[in-house]
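Colleague: Read off the chains here:
Number of protein chains: 2
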Amino acid sequence: MSSSSAAPAAKPPMRDALVAAAFQLFLERGYEQTTVDDIVALAGVGRRSFFRYFPSKEDVVFPDHERCLADMTEFLAGGGEEDEPVRRVCDAARLVLRMYAENPAFSVQRYRLTKKVPGLRAYELSVVWRYERALAAYLRGRFAGQPDGTLRADVIAAAVVAAHNNALRSWLRSDGKGDAGVAVDHALGHVQAAFGRSVHPRPAAPLLGPDLFASGGERSERPDDVVVLVTRRDAPLWRVVQEFESALGRA
Amino acid sequence: MSSSSAAPAAKPPMRDALVAAAFQLFLERGYEQTTVDDIVALAGVGRRSFFRYFPSKEDVVFPDHERCLADMTEFLAGGGEEDEPVRRVCDAARLVLRMYAENPAFSVQRYRLTKKVPGLRAYELSVVWRYERALAAYLRGRFAGQPDGTLRADVIAAAVVAAHNNALRSWLRSDGKGDAGVAVDHALGHVQAAFGRSVHPRPAAPLLGPDLFASGGERSERPDDVVVLVTRRDAPLWRVVQEFESALGRA
Numbered sequence: 001m002s003s004s005s006a007a008p009a010a011k012p013p014m015r016d017a018l019v020a021a022a023f024q025l026f027l028e029r030g031y032e033q034t035t036v037d038d039i040v041a042l043a044g045v046g047r048r049s050f051f052r053y054f055p056s057k058e059d060v061v062f063p064d065h066e067r068c069l070a071d072m073t074e075f076l077a078g079g080g081e082e083d084e085p086v087r088r089v090c091d092a093a094r095l096v097l098r099m100y101a102e103n104p105a106f107s108v109q110r111y112r113l114t115k116k117v118p119g120l121r122a123y124e125l126s127v128v129w130r131y132e133r134a135l136a137a138y139l140r141g142r143f144a145g146q147p148d149g150t151l152r153a154d155v156i157a158a159a160v161v162a163a164h165n166n167a168l169r170s171w172l173r174s175d176g177k178g179d180a181g182v183a184v185d186h187a188l189g190h191v192q193a194a195f196g197r198s199v200h201p202r203p204a205a206p207l208l209g210p211d212l213f214a215s216g217g218e219r220s221e222r223p224d225d226v227v228v229l230v231t232r233r234d235a236p237l238w239r240v241v242q243e244f245e246s247a248l249g250r251a
Numbered sequence: 001m002s003s004s005s006a007a008p009a010a011k012p013p014m015r016d017a018l019v020a021a022a023f024q025l026f027l028e029r030g031y032e033q034t035t036v037d038d039i040v041a042l043a044g045v046g047r048r049s050f051f052r053y054f055p056s057k058e059d060v061v062f063p064d065h066e067r068c069l070a071d072m073t074e075f076l077a078g079g080g081e082e083d084e085p086v087r088r089v090c091d092a093a094r095l096v097l098r099m100y101a102e103n104p105a106f107s108v109q110r111y112r113l114t115k116k117v118p119g120l121r122a123y124e125l126s127v128v129w130r131y132e133r134a135l136a137a138y139l140r141g142r143f144a145g146q147p148d149g150t151l152r153a154d155v156i157a158a159a160v161v162a163a164h165n166n167a168l169r170s171w172l173r174s175d176g177k178g179d180a181g182v183a184v185d186h187a188l189g190h191v192q193a194a195f196g197r198s199v200h201p202r203p204a205a206p207l208l209g210p211d212l213f214a215s216g217g218e219r220s221e222r223p224d225d226v227v228v229l230v231t232r233r234d235a236p237l238w239r240v241v242q243e244f245e246s247a248l249g250r251a
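Those sequence lines, one after another, are chains A and B. Heads up: the first sequence at position 218 corresponds to 218 in UniProt numbering, and the numbers run straight through without jumps. Heads up: the second sequence at position 246 corresponds to 246 in UniProt numbering, and the numbers run straight through without jumps.
One chain only, chain A, in its complex shape (with noise of 0.2 Å):
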C-alpha cells in the first residue's frame, strides 16, 4: 500500500479513484441509493470512464476479482505432472485470500456491505462459484480418465471453496484481526488431509468389511504406494497386521 514506491502502479489511477469514491457513498448512503452518476460525480470523471473499468455497479463492489481468477487460471495451467493435484488447488486457493488480506479494511467494509445488500449476495456467489469451476476444471484435467474423475474433481473444488471461505469469513468477521493466511492453511489442512493424496480413502473398495478395511489408497500417479488402514480401536493387533499384509498382497 506504499504510495513512495519506483514500480510502476498495477492499477490505473482512475480505476482506484472510482473504487474509493464508490465506497465512500456506499457508506454514507448505502448502496442501493448511489448512483454510477454519483459516482462519476465525485470521483471527477465521465460516466464513459466507469463503465470503461467496471460493466456494472456490482463490479465496483469487487474490482479485483477479475484479475483474480486470470491469476488463478494461469497457476493452474503452470502446474506440471509431478504437482500433486489437490495441493495445488489449495495452492490456487490462497490466491484469493492473498488479495483480500492486501487491503484488510477495505475487505471488511465491502464484507459489511455485501452482507447487506443482496444483490451484491448473488454477485458474490457468482464469482465464488467462477472459483470453483476453475478449480474444478484442472482437478478434472488431471483426474481425466480416472475412476469417478469427474465427481471426485467436483467434489474436491467445493471442499477447497467451502474451506477457505469457512477461515476467510471468520478472519472478516473478526474485522481482520489476526493473520488470514494461517487460519487459511489450517483450514485448507484439513481438506488436504481428506482428499490429498496420502490419505483418500477408496470409497468403492471397502475390502474388508465396514469397520476393517483396507484400501488400495488413492489412485492418481502413484496408486500402489499408500495404504489406507481403518480399523476399530479395539481390534486385536494379530488382525490388524494381517489386515495389513492381506491389503499388501504379502499374505
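Check before you lean on any hint, since a few could be wrong.
Heads up, the list lumps identical chains together, so a pair's fine if it works in one copy or across two of them.
Distance condition first, Cα-Cα at most 30 Å in a straight line; then the derived DSS-like pairs of lysine-lysine [unchecked claim]:
hint : residue 1 : residue 2
1    : 115       : 57
2    : 57        : 116
3    : 116       : 177
4    : 115       : 177
5    : 177       : 57
Derived from the structure by calculation, the hints contain no laboratory data. Everything numeric in this text was worked out from a predicted model, so none of it was measured.
Position chain B relative to chain A; hints supplied.
Modeller: Relative to chain A, chain B alone:
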C-alpha cells in the same frame, strides 16, 4: 403424476397452470422475450394471481424449491442424536433429487433453459447456496463444541451439494435417461466414505510424519472407537505395528 388419486392436490391448479404457460412461452419465444403479462394471458388469470404464487419471473422457473427447502429443513430438524450426521445430510440432499426425478421432462427442459439464461443461472446459484446453508446449519449444530466444528460442517455440506449436483447434472445432460437415484447414491457414497464416521481422517494430528501416521479418527459422537492408519506400502511391518500401538496409547 396420476390425477386419479383421491388425495387432495398438494399444489393449487392455478399455480400449475401458470408454470405450464410460462414454460410453453419460454420454449417458444425464449425466456427474456416472455413477460409476466404474456404468461398470465396464456394461463387466463390476472397479474395479481401470478404474484400471489411467484415473487418474480425467475421464481416460476423453480416452482418447487421453496417447498423442497422447507421439507429439507423439517427433515433435518426431525433427526436425533443417534443419526450419523453425514448420512443425515446425504439423505436430506436426496430430497432435492426426488423433486427433480418426479418430473424428468420438466427438469430437463428447465436445465436447458437455465444453461442459456444468465439471470436464471444466478438465481439457481442462490437456491443451491440456500440448500448448502441448510445442510451446514444442521452439521454445525451436530458438531457444536467440537474442534473445527464449523469448518467441518461447511466443508461436508459443500461436498454433499457438489456430489449431488455432479450426479444430477449428468442425469439432466443425458435427457433424464437412466436411474438418477443410483447415480446420486454413488456420488453421495463417495462423500460418506470421505467424511462419514468410520473413515474420517484427523487432519490436525499427523502424529507420525507425512507418510506414516495414525490419528484418533472421527471426533463426533464416538470419538475413540476408530483408528485411521495411513502408511507407505513399502513400510516395514514392525514400524506399522509400532505406530498402531502408539496411536492406541498402548505403547
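Colleague: Next, verify each hint and record whether it holds.
Modeller: Taking the hints in turn, this is what the structure says about them:
Within a single copy, residue 115 and residue 57 get their C-alpha atoms as close as 16 Å, and across copies as close as 24 Å, so both meet the 30 Å cut-off. For the homomeric pair residue 57 and residue 116, the shortest alpha-carbon distances inside one copy (15 Å) and between copies (24 Å) are both at most 30 Å. With identical chains, the CA atoms of residue 116 and residue 177 are at most 30 Å apart within one copy only, with a shortest distance of 21 Å there and 42 Å across copies. Proximity of residue 115 and residue 177 under a CA criterion of 30 Å is satisfied intra-copy only: 19 Å inside one chain copy versus 40 Å between copies.
For a Cα distance limit of 30 Å, the shortest separation of residue 177 from residue 57 inside one copy, 29 Å, qualifies, whereas the shortest one across copies, 42 Å, does not.
When held up to the earlier numbered hints, the structure conflicts with none and fits them all.
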